[in-house]
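Engineer: If you want the building blocks of each chain, they are given just below.
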Amino acid sequence: MDPIVYVSLGAALAAGLAGAASAFGVGVAGAAAAGVVAEDEKNFKNALILEGLPMTQSIYGLITLFLILLSAGIIGGGFRFAEPNTQNLIKSAILFGAGLTVGLTGLSAIPQGIIASAGIGAVAKNPKTFTQGIIFAAMAETMAIFGLVGALIMIATGVGF
Amino acid sequence: MFRPEEMVKIEVITLNRYKDALLTYLHEAGAVEVREVEVKFTQKDSPNEYYRKAASYSIIMSRIVEFLKGYRKTRGGGIKEFIFPKEKPKRKYEYEGIEKLIKDVENFLGKTEPEIKIVENKISSIGTEIERINELIEILKLLSPLDIDVSYLRHRGLVEVTVGVVERQKVTDLINTLKKETGNRVVIVEKDLDDRALIVVANLARDHDKVNAILAKFSVERLEIPEGEGTPAELIRDYTAKLEEKRKELTKAKEEASKLADKYYEEVLFYKELVDNERDKATILPMLARTNMTFALKGWVPRPEAQKIVEGIRKITKEKAYINIKDPEIHEVDDIPIKLKNPGWARPFEMLTEMYGVPKYNEIDPTPIIAFTYSFFFGFMLTDFLYGLIVGIVAALLVMGHKKFNDGTYKFAYTLLWSAFFTMIMGILFGSYFGNALDIVLQYFSGNPEAHVWRIVDPLREPLPVLLAALGIGLAHLFLGYTTGFYLRWKNGDKKGAVLEQLPWMLIILSIALFATQRADLKLPAEGIFGVGIVLFAIGEIINNGGLAALMIISDFFGFVGTWLSYARLMALALATGGIAMVINVLAGMVWPIKFLYIGPIVGIIIFIGGQLFSTAINSLGAFVHSLRLHYVEFFGTFYSGDGKPFSPFRAKREISKLELKADGGV
Chain A
596 MDPIVYVSLG AALAAGLAGA ASAFGVGVAG AAAAGVVAED EKNFKNALIL
646 EGLPMTQSIY GLITLFLILL SAGIIGGGFR FAEPNTQNLI KSAILFGAGL
696 TVGLTGLSAI PQGIIASAGI GAVAKNPKTF TQGIIFAAMA ETMAIFGLVG
746 ALIMIATGVG F
Chain B
10 MFRPEEMVKI EVITLNRYKD ALLTYLHEAG AVEVREVEVK FTQKDSPNEY
60 YRKAASYSII MSRIVEFLKG YRKTRGGGIK EFIFPKEKPK RKYEYEGIEK
110 LIKDVENFLG KTEPEIKIVE NKISSIGTEI ERINELIEIL KLLSPLDIDV
160 SYLRHRGLVE VTVGVVERQK VTDLINTLKK ETGNRVVIVE KDLDDRALIV
210 VANLARDHDK VNAILAKFSV ERLEIPEGEG TPAELIRDYT AKLEEKRKEL
260 TKAKEEASKL ADKYYEEVLF YKELVDNERD KATILPMLAR TNMTFALKGW
310 VPRPEAQKIV EGIRKITKEK AYINIKDPEI HEVDDIPIKL KNPGWARPFE
360 MLTEMYGVPK YNEIDPTPII AFTYSFFFGF MLTDFLYGLI VGIVAALLVM
410 GHKKFNDGTY KFAYTLLWSA FFTMIMGILF GSYFGNALDI VLQYFSGNPE
460 AHVWRIVDPL REPLPVLLAA LGIGLAHLFL GYTTGFYLRW KNGDKKGAVL
510 EQLPWMLIIL SIALFATQRA DLKLPAEGIF GVGIVLFAIG EIINNGGLAA
560 LMIISDFFGF VGTWLSYARL MALALATGGI AMVINVLAGM VWPIKFLYIG
610 PIVGIIIFIG GQLFSTAINS LGAFVHSLRL HYVEFFGTFY SGDGKPFSPF
660 RAKREISKLE LKADGGV
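Listed in order, the protein sequences are those of chains A and B. Residue 596 is where the first sequence starts when you use the numbering used here, and the numbers rise one by one after that. Residue 10 is where the second sequence starts when you use the numbering used here, and the numbers rise one by one after that.
Take these hints with a grain of salt, some might be off.
Straight-line Cα separation of at most 35 Å, DSBU-like style, residue types lysine-lysine; simulated pairs [what the hints assert, rightly or not]:
1) B:LYS82 with A:LYS637
2) B:LYS369 with A:LYS640
3) A:LYS723 with B:LYS350
4) B:LYS97 with A:LYS720
5) B:LYS263 with B:LYS82
Here chain B is said to cover these stretches of chain A; the calculated rule only asks that three of the stretch's residues, wherever they fall, bring their Cβ under 8 Å from a Cβ of chain B [claimed, not checked]:
6) 656 to 662
7) 739 to 745
Facing chain B, from chain A, some residues (calculated, C-beta under 10 Å) [claimed, not checked]:
8) ILE670
9) ILE729
10) ALA732
Honestly, the hints are just simulated from the structure, not real lab data. Just so you know, even glycine gets a beta-carbon here, dropped at the ideal spot from N, CA and C.
Sequences and hints are given; from them, build the entire structure.
Structural biologist: This is the structure:
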């Protein structure tokens, strides 16, 4: 494969997978949010914040996409690895790996949405559980954060800017 | 600081006739947590008639409040009211005992309730009337294709007229069946409405049963023909005029309601607060023990307030009371309620500790530590001078506006203010001002594409030093936790636990720190300390888990590694903030060069400001959540149980009322 394929696949998988997972997560939580708001409009603020939690993964994906494009020179200048030599192949494959890591760990947005939706139900019954609900949902995000840490190290040390 | 407030046990026995006055005094003082007197074979008290009345008046007034609230002219509101809310004045009430209070409430309700009820009933009956007229108009609209005097449609006599609506595809069948069953002695008029049809059936009265059965079989929906004479169009006109009249009446009635709300709303709230407190006061009656003449009460009171409470009780009971103050005994540790005690600067952070759970009486209150570490972690994860400034300004305004209330908003804003301070410092260290926005400005003016503000390290280009810093901070944080745990367990007599469960991790962390220095002369001591730590850890696991030890050693060790690595989120979130800010800057930069009609700069500025504000909000939320998580999950896991029972004193809720106890305590 040409380096450009690796690079664009990496960027696409990072933002694409994580974004799709976030959409799932927000969808699950949003359905619960709509329900509790119908019961009592006062739940809106709390439900909205909890619903927004699974969105973070798509942001991690987007950052990774930008960093991959920046590192490969697609943003700001020209594509740095156009020549398909070994060095360029290695670097672009690393970028592919970084993107895939963030994309796959971004799938944690789906369970996070499920937790958030349960949290929304709990908050409607007892508003005092709001912070606890956020913390429970944040647990699922840990994997996405680890994925981002890994990807950042891969991009910065393996390829550089 | 570090210790919950000291508590003492209070026991009181006094005469029954002082009961109401004493309970009222304690309720207003709000310093005693009352516990059940566990004496077998004693009588328990239950709420008397007055307390029951208080409960029922409270329900009546809730209903009135609910009604008046809807018609109150809303004033204030908005963002200014949120940041700088006004203090509600407290109205005084001279308390002379519950009988007098109930009488006062009855007087008030006797005066206001009928007045409010009249308007309430008026509004609801006009509402029903309007609804009815609307229904009639709907029916008349259905009848309008007929264009005859509707009084014919109500006709009863030798010939009966029925009007109804039926699904269109059933009409032909219906007509045929009717004709057949009545031997053609029926007249049917049919008019098409969209997917249904209006039918008018005129039949002989003797065929009534037959026709009715057929109409039911074809599910014909009968229409109730409105009163009055004239064609449907004429009647619609009449009814519309009537509707208009009713609407005017409704507006007038609502105006009356809003006048009543102006007049009585505050007062109803005031009396409601009075009876609510009486009702709540009755909840502790079953906890008291009583004889024919006396009653006994026990509870916990913070030591600094004990003296004042004792004096108060003596005064209320005119010295006719047995009062005993005792220090807690060791076996009561789990039973003592916990009131956190911190200096003013750390007090708002108690909110974070309480959210997880307060410490036990013999544990350490981590609030002062959290004040620094929570704010620092928040700052590390947000890491942007200007984001910190925005958060800081909002927090400072809220702190100023809410200080006098000492409410949840004040406490949260105060923690945010500290966090904003650390955010700004970290922002300067990492040279982040709306991400790389300041760099871009510098590069533009200096013409040097490499120009940038001062920074220790650029986290986006060199994330490794930031990761190492995050892990180092995590190690220090965990070390603090394990050391605190070691100290606590040792002091509370669990020396085995201290040495086998806390010390090993302290040693392992120390050795990791020594390894990290990468100095050859420290390598041997590091290995030694690590070895001792691992051996102690393994011994602890074998003693605690016996046969399962081998499994637990592996699982707990990697558990520790996982906990440690969890601190990597400090770096990830810091970079995420910088990354999002950079993405916004890049987007704004992309549209900037569009020269046509200045669209580029205008849209660019909108993207820049909107984006950065959004980024501030979302990253602050992330920083808040993950900083809290690092404390609740990782840090508290090393030493803190949070199993204490929070101090919940027997206390009146006074927002708009203030009791003035008469000198003799209302006796």
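Engineer: Taking the hints in turn, state whether each one holds.
Structural biologist: Evaluation of the provided hints:
1. B:LYS82 with A:LYS637: With Cα atoms ~21 Å apart, LYS82 of chain B and LYS637 of chain A stay inside 35 Å; holds.
2. B:LYS369 with A:LYS640: Holds. LYS369 of chain B to LYS640 of chain A sits at ~34 Å (cutoff 35 Å).
3. A:LYS723 with B:LYS350: The given pair, whose Cα atoms are some 23 Å apart, holds under the 35 Å limit.
4. B:LYS97 with A:LYS720: With Cα atoms ~29 Å apart, LYS97 of chain B and LYS720 of chain A stay inside 35 Å; holds.
5. B:LYS263 with B:LYS82: holds, 11 Å
6. 656 to 662: holds (count 4)
7. 739 to 745: It holds, with 4 qualifying residues against the three required.
8. ILE670: Holds, because the Cβ-Cβ distance from ILE670 of chain A to chain B comes to roughly 7 Å (cut-off 10 Å).
9. ILE729: holds, 5 Å
10. ALA732: Check passed: Cβ of ALA732 of chain A comes within 8 Å of chain B, closer than 10 Å.
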